[in-house]
Amino acid sequence: MSATANKSSKLGTTSPPLSGERLVELYRTMVLSRYLDERVWLLNRQGKAAIAASAQGHEAAQVACIEATDPSKDHYLTYYRQFTAMMALGTEPEEMLRGFLAKDGDPMSAARQFPLHGAHPRVDLFNFSNVIATQLPQAAGVALADKLRGDDAVTIVFFGDGAASQGDTHEAMNFAGIRKLPIVFFCENNRYAISVPLNKQMAVDTVASRAAGYGFPGVQVDGTDVVAVYEATQAAVNRARAGDGPTLIEVSVERLQPHTTDDDHTRYRSPEDIAQMANKDPVKITSETLRRRDLLTEAEDEAIHAEAKRRVNVATDTVDAEPYPDTETMFDHVTSNRDEGGS
Amino acid sequence: MPEQTVIEAVRDTMRAEMRRDESVILLGEDVGLRGGVFLATDGFIEEFGEDRVIDTPLAESLICGLALGAAVNGMRPLAEIQFADFVWPAINQLVGEAARVRYGTNGVKTAPMTIRVPYGGGVRGGLYHSQSIEVLFAHTPGLTVVAPATPYDAKGLLASAIRSDDPVIVLEHKRTYRLVKGEVPIEDYTIPIGRAEIKRPGSEMTIVTYGLMLHYALQAAETVSEQGLDVEVLDLRTLRPLDADAIAESVSRTGKVLIVQEDTPAVSISSEVAAIVGERCFFDLDGPITRLTAPELPPMPFSPLQEAAFMPSPEKIVAAIAKLAEL
Chain A
1 MSATANKSSK LGTTSPPLSG ERLVELYRTM VLSRYLDERV WLLNRQGKAA IAASAQGHEA
61 AQVACIEATD PSKDHYLTYY RQFTAMMALG TEPEEMLRGF LAKDGDPMSA ARQFPLHGAH
121 PRVDLFNFSN VIATQLPQAA GVALADKLRG DDAVTIVFFG DGAASQGDTH EAMNFAGIRK
181 LPIVFFCENN RYAISVPLNK QMAVDTVASR AAGYGFPGVQ VDGTDVVAVY EATQAAVNRA
241 RAGDGPTLIE VSVERLQPHT TDDDHTRYRS PEDIAQMANK DPVKITSETL RRRDLLTEAE
301 DEAIHAEAKR RVNVATDTVD AEPYPDTETM FDHVTSNRDE GGS
Chain B
344 MPEQTVIEAV RDTMRAEMRR DESVILLGED VGLRGGVFLA TDGFIEEFGE DRVIDTPLAE
404 SLICGLALGA AVNGMRPLAE IQFADFVWPA INQLVGEAAR VRYGTNGVKT APMTIRVPYG
464 GGVRGGLYHS QSIEVLFAHT PGLTVVAPAT PYDAKGLLAS AIRSDDPVIV LEHKRTYRLV
524 KGEVPIEDYT IPIGRAEIKR PGSEMTIVTY GLMLHYALQA AETVSEQGLD VEVLDLRTLR
584 PLDADAIAES VSRTGKVLIV QEDTPAVSIS SEVAAIVGER CFFDLDGPIT RLTAPELPPM
644 PFSPLQEAAF MPSPEKIVAA IAKLAEL
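Just so you know, the sequences run in chain order A and B.
Here the first sequence is numbered in this note's numbering, starting from 1 and rising by one per residue.
Here the second sequence is numbered in this note's numbering, starting from 344 and rising by one per residue.
One chain only, chain B, in its complex shape (with noise of 0.2 Å):
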């Protein structure tokens, strides 16, 4: 099996599902000669043409409508919104538009599209190229929101996301677009919407995380396995529907949880884990439900020593197995 980034898997399941489908059409900022900017769309205006690669106006709201319009008239737009950051002008089109064409129609109308949003911080990016803004698509009813934090992952739901009927928000963790490689065979595969992954298997405690942080924690969980403790590692992929099952059934066995995210802890995708554990495990629970997160500051600062304290790190979520697991 042939080893890629993250960004190589985006790519390729991009180019693949417009050979497969010529319904799927591409929508953006420099999605064209530039290729994006982060070369999610290498070659494509040279493969597919001006008429199915779009480069847009600088005008999110505009390319989030026309996704939708496009959607509704046969289409299954592809669109990139260049940085999370820069999501908010599209945020009507989106929660208060797409979210709801099924339901505000009575099932007339559907909106197959995909919104792709590289998203996260620790890339120097400051309080506008760093933002995790998954909590209020995450709220949204209508709405379907993945986070893939692998390249098999992040090629099985984007493929997912795209031959969905709804709209479906892929985040992509920028920080993971080249650090992270994995092997992601070449024939074509979707991973089921909705449903989490224990990426490493223990039994005294679960950590319950997401995006870049998935492999933060991976790397905590190997370390304190040199120390003789087990920890599994729960991969939401996931963010809306929530896999509650695979959540309550691991901290459940485990008996502890910590949730771990790179968002801001307040209304966050681990105020709602918490809520499902303290709703379906409650009896099986062996210690307090447990969150680290970023500090209640806007996202992020731009000077390393302060981004580096803003964003949990695998030397942080040792330090809170290691607190968790002595109560």
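Here chain A stands alone, though its shape is the one from the complex (with noise of 0.2 Å):
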């Protein structure tokens, strides 16, 4: 933790620490993840959903994030991983799966996107484009706008260990640091850009290291720790409601399955190397933690557990059921203009 941490705030609300039932509600929202994100997968290998990206291993550190915002105020602009960051900020099973097997309702892109991508129609997050790491000038950019007009609101931005290897997110660091932005980078660093392991991305150990080169602090924190990113986060976003600029998170986390559907991790993970992860694992670590501090009785597990897989069967049979959307609404919201075409 960086010795800027946990600053109070001179605009806003503080959010408060951590209470106990908030952190069975935040497991019960990583739990119902869990069991989405392992059903899309099987609908990909039944040929409805024709790709998804994971959040398995990352869903501590999304959850705890969130926590640690405002959605009726803040803005989030995320990446194709962010399933349980989209899941916490309140959309339904029903939605993400309309998404998944594209279609007719599913509200972040009318279908037209890969799964996630769009704008969320609830709360502000901004999850676009699939060419790495664009996100970044594109959050400075919000936040300056929420600077210039003296609003009250952070903007977070997701990213991977792989985008900090683009341009794009040093301009956006360096230009955060210079207007001291309200932003928080907060970089979800699973060791691989698909194949390629850290050590073949950086000569530097962590990327929240090169916080310094921009002039803001830069933490590293455990990302199967909800507690701890809760907290790291709460300091950032305080820091940025007072004004005081930009701060790094890098979250330390495992990528449970392989890139996306169509990726094959065996081929450059070593057996150990994935066998490894089982004790990484965010949904076990937090069951744990919640058991051992009381918190959370067995038979409560189960039912959170049972619940879960409930509330993903009938989304399945919900969505699966439904049609895609009409051909004609492809030519829908191209520009302002709906005459425009042709040449």
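Worth flagging that the hints you see were computed from the coordinates, not collected in a lab.
All residues carry an ideal CB built from backbone N, CA and C; glycine is no exception.
Mixed in with the good hints, there may be bad ones.
Sample of chain B residues facing chain A (criterion: CB under 8 Å; computed from the structure) [said to hold, decoys possible]:
id, residue
1, 405
2, 410
3, 415
4, 541
5, 544
Could you fit the two chains together into a complex? Lean on the hints.
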């Protein structure tokens, strides 16, 4: 944790310490996300979901980060592995599945884009591109607009270790530092850019250490520890709201599944590397933590799992039976002038 | 009506739009105290302050990414790319991202942003200060591309661009900045995007053109009028969407078309205009669809004789008119 953490907010409300009750709620979201994530992979193998990227292994980091923010006013620029973050922001399983199955009513892009991509209809979540790191300069622009207006909003931009190699990441962090923008750079480092391991991506040990080059703090946090990620994000969000500028948070996580449903990580990860991940499963770790702290009984844990399974089954049956969007809708929303077309 | 140069019209229009709408913010390299390398933003930082006149680091992808982010969060960013030749690092943020914000979010988000891009040659700019880059943008669904050639059109189209809810690329030909003068009303007005204009009416041939070449075409038309040839000059003004109706109407009426552009010919604006004419005017044509363009070379040589040989000129246009008229 950085020395700049835990500075109290001058503007807006400071989110409280994480209660036992909220911890259980976050765990509930993680479990639901895990079951739905696994279901999507099954639907892919059945030929119903064309492509999926999994958040398995990233769940604790994502729910904890979102918990430390204020969805009623903050902005979220995410990338393709933000499955759990989207659920933490209130996206229903049916809405998620409409994206994965490209069905009518997909709330993000009307099923034009890859699953989860587009803009959320209820919170300011913009998960736009598959071109890595494009969201970072855009997030700086979102934060710039807030700062110019004096709005009490923070922008959280998510990216992976792969994105850390892009020029857009450097350009965005440099500018955010110069203008002290109200932004949190949230890097989910799972040590692989598809197949390329960290030591072929960077000559330093951490992404967080690069923050020094931009004039703001960088912290590295265990991404399986809900409380640690929550506290780090809370400190960064408070710092941003107070007008003190950006923070780079790097959470260390494991990517439990291959890059996407089209990938096979046994081609580039050793059996030992794959085996050790079982000890870093955030769902298992959080369950054990809650049980150890007497916040959850075995029976309650089983009930959470049973309910998640039921919920996913209901959503699957519902969305599987739904239609695809009308072909004609593909002509909507190209520009503000609907007559444009042809040349 | 006062007479202005193109750069004066651009400057006054930006200033008026920034006074009119607080959400218009300026982003670019050297747009602050320097006032922009062409002085398009001369005096702006003094009037609007450092919050609204943002000297960015030297990073074009950043400039356009910032503009996009600010645009989806309630601003109307007005960004300057210093020279068109430097826009390539930002292509992904414009072509890959901004162009499809509305489409990729099913209309939940829009990107009302304007990118001003000084382009074109004839200024001894060599390979990296002369390029015509319009084709890549004009090819992209979701983008709007305007290329005003006169002070009057520069004001009206820039105002329309800034007020548009879509990303608009405004191409300003560098050579016209101080070369071209014209009357510009002081009062507020806009010019509809997507409308070409007949800049000189005529009956025997249509020249379809845009940018600096408009002025060369008008000179050439004047020259051949002394020899009794009555040539119409159609200024495209907007390159996406092209005004296919105006092109078809004029060419169908005159029966001959000469398309003049400074850009290289392969897969260019002239190719698209030729396709429109082929599709819509086939039975009205009494001569081959003809193009006068730069040669198929990387634009453009620095050395003066080679630069002049590269660029279309009034004399070359006169020759092309004469050849087509004889057919």
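**Ascending list of hint numbers which this structure does not respect** = Result: hints 4 and 5 break, sorted rising.
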